[in-house]
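> Given only the sequences and the hints, what does the whole structure look like? Please build it.
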Amino acid sequence: MQPSDLLDAPEFSPNAVDYQAVRQFKERLFAKSFRYFVANAEKTQVEALDVFREKNHWWLDDYALFTALIEQFGTPNWTKWDAELVQRRPQAIAYWTQTLRDRIEFAVYVQFLFFQQWQHLRALAERRGVIILGDMPIFVAHESADVWSQQDDFYLDDQGQPTVIAGVPPDYFSETGQLWDNPLYRWDHMAATGYDWWVKRFRHTFSLFNIVRLDHFRGFESYWEVPASAVTATEGHWVRGPGAAPFRAAESQIGELRIVAEDLGSITSQVHTLRDELGFPGMRVLQFGFDPAGVYHRPDNIPHHCLVYTGTHDNDTTVGWFRHRAMTGAGGGTESGDLLLKYLGTESQEIQWDLIGLAFSSRADTAVVPIQDVLGLGSEARMNTPGQPEGNWTWRYRREMLTSEIEQRLRELTKRVGRSET
170 MQPSDLLDAP
180 EFSPNAVDYQ
190 AVRQFKERLF
200 AKSFRYFVAN
210 AEKTQVEALD
220 VFREKNHWWL
230 DDYALFTALI
240 EQFGTPNWTK
250 WDAELVQRRP
260 QAIAYWTQTL
270 RDRIEFAVYV
280 QFLFFQQWQH
290 LRALAERRGV
300 IILGDMPIFV
310 AHESADVWSQ
320 QDDFYLDDQG
330 QPTVIAGVPP
340 DYFSETGQLW
350 DNPLYRWDHM
360 AATGYDWWVK
370 RFRHTFSLFN
380 IVRLDHFRGF
390 ESYWEVPASA
400 VTATEGHWVR
410 GPGAAPFRAA
420 ESQIGELRIV
430 AEDLGSITSQ
440 VHTLRDELGF
450 PGMRVLQFGF
460 DPAGVYHRPD
470 NIPHHCLVYT
480 GTHDNDTTVG
490 WFRHRAMTGA
500 GGGTESGDLL
510 LKYLGTESQE
520 IQWDLIGLAF
530 SSRADTAVVP
540 IQDVLGLGSE
550 ARMNTPGQPE
560 GNWTWRYRRE
570 MLTSEIEQRL
580 RELTKRVGRS
590 ET
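Everything in the sequence shown is counted per the working numbering, starting at 170 for the first residue and increasing by one.
Any given hint could turn out to be false.
With a cut-off of at most 30 Å between alpha-carbon atoms, the simulated DSBU-like pairs for lysine-lysine come out as follows [what the hints assert, rightly or not]:
| no. | residue 1 | residue 2 |
| --- | --- | --- |
| 1 | Lys369 | Lys249 |
| 2 | Lys212 | Lys201 |
| 3 | Lys584 | Lys511 |
| 4 | Lys212 | Lys224 |
| 5 | Lys224 | Lys195 |
In short, the hints are calculated from the structure, not lab data. Remember, it's a predicted structure, so these values are computed and weren't measured experimentally.
This is the structure in structure tokens:
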């Protein structure tokens, strides 16, 4: 590949990511790189690819075929493919694996490149004392290689369509709850296999990250089951989950699981008990702490064994959140606002630094601050709005945003509260 290949790069917005444009641009580069690799790869490079393939065959083979079939049939909705493929008939799998061999090899090659680069990044981070906190959703998408290849592990009908789906009841973010559309697990079937899929999933995830935030942890105690035909999540009901069993199965083969339990939303004492039984730290979010029902997240109630956030990726930025409160009286109106100001002991001219200070000076083991809060950005930099399908995850950070003044202020605060060893 030559530097001239980069000249066709589209003009990207400095503040947002156009994922479609990025994907189209990079796919052209990947295709050219793959052709060069096939024609010119050295023996050691071919051997490295073979090692990667053998180590990851348990997911890579199905994923690469799935990717090739999406291109072949023009849709990731595998229930619209040929019936023999929907049912994963061995002769159909063999036929398409041979027919789409070149496309499959390309998919494997792209994964090989990514994991090589990721492991280099992780090694560099560890040499500099940086740990990577990854994120792992409890559920997976229906239009995925996981569901297509492991259909017995999910509640699906004879055509592969989900009969029930995941969601959450009405909560802080939505009056009608959220429909996630993810198919639900057949925990009884997974238990009969020793939770093999979960063990492999945990092992692979921890090969990428030092610590993993497990999204929607409460689903392991009980989860919100909604009929696939439902219009809103209000039609759902709670169903008992597998409890500690998947984690114990993984621990027996992997060892300690360094997991942060995302225990936000509608949480019961049973969820707290399960989290504590497993020894996982939970989460506290300061933005929730100053609503009338937010006592659990209030600074005085934050324990040692947890992670405290000013706000998460699902929240507005702290500046945006504070402005919204001031304009609408959200969170309880004047009384709630007075409580916030009383805690802060300030008129909140820099609300982001006020909440960062509360987080850093709390008892929590770890304090997490979104970069948008460090930079003091408003709602224009919000990362995600739950229940809103479009326009999320497009904001991006630019190096020049983090000025030397901000760096110095963050460094001084970190040292003052004892969260820095230097």
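> Hey, Lys224 versus Lys195, does the alpha-carbon distance stay inside 30 Å?
The given pair, whose Cα atoms are some 26 Å apart, holds under the 30 Å limit.
> Is the Cα-Cα distance between Lys369 and Lys249 30 Å or less?
Roughly 28 Å separates the two Cα atoms, so the pair holds.
> Could you grab the alpha-carbon distance between Lys212 and Lys224 and see if it respects the 30 Å cut-off?
holds (18 Å)
> Please verify whether Lys212 and Lys201 have alpha carbons no more than 30 Å apart.
holds (20 Å)
> Lys584 and Lys511: Cα distance at most 30 Å?
holds (25 Å)
Against the hints set out earlier in the document, no violation occurs for any number.
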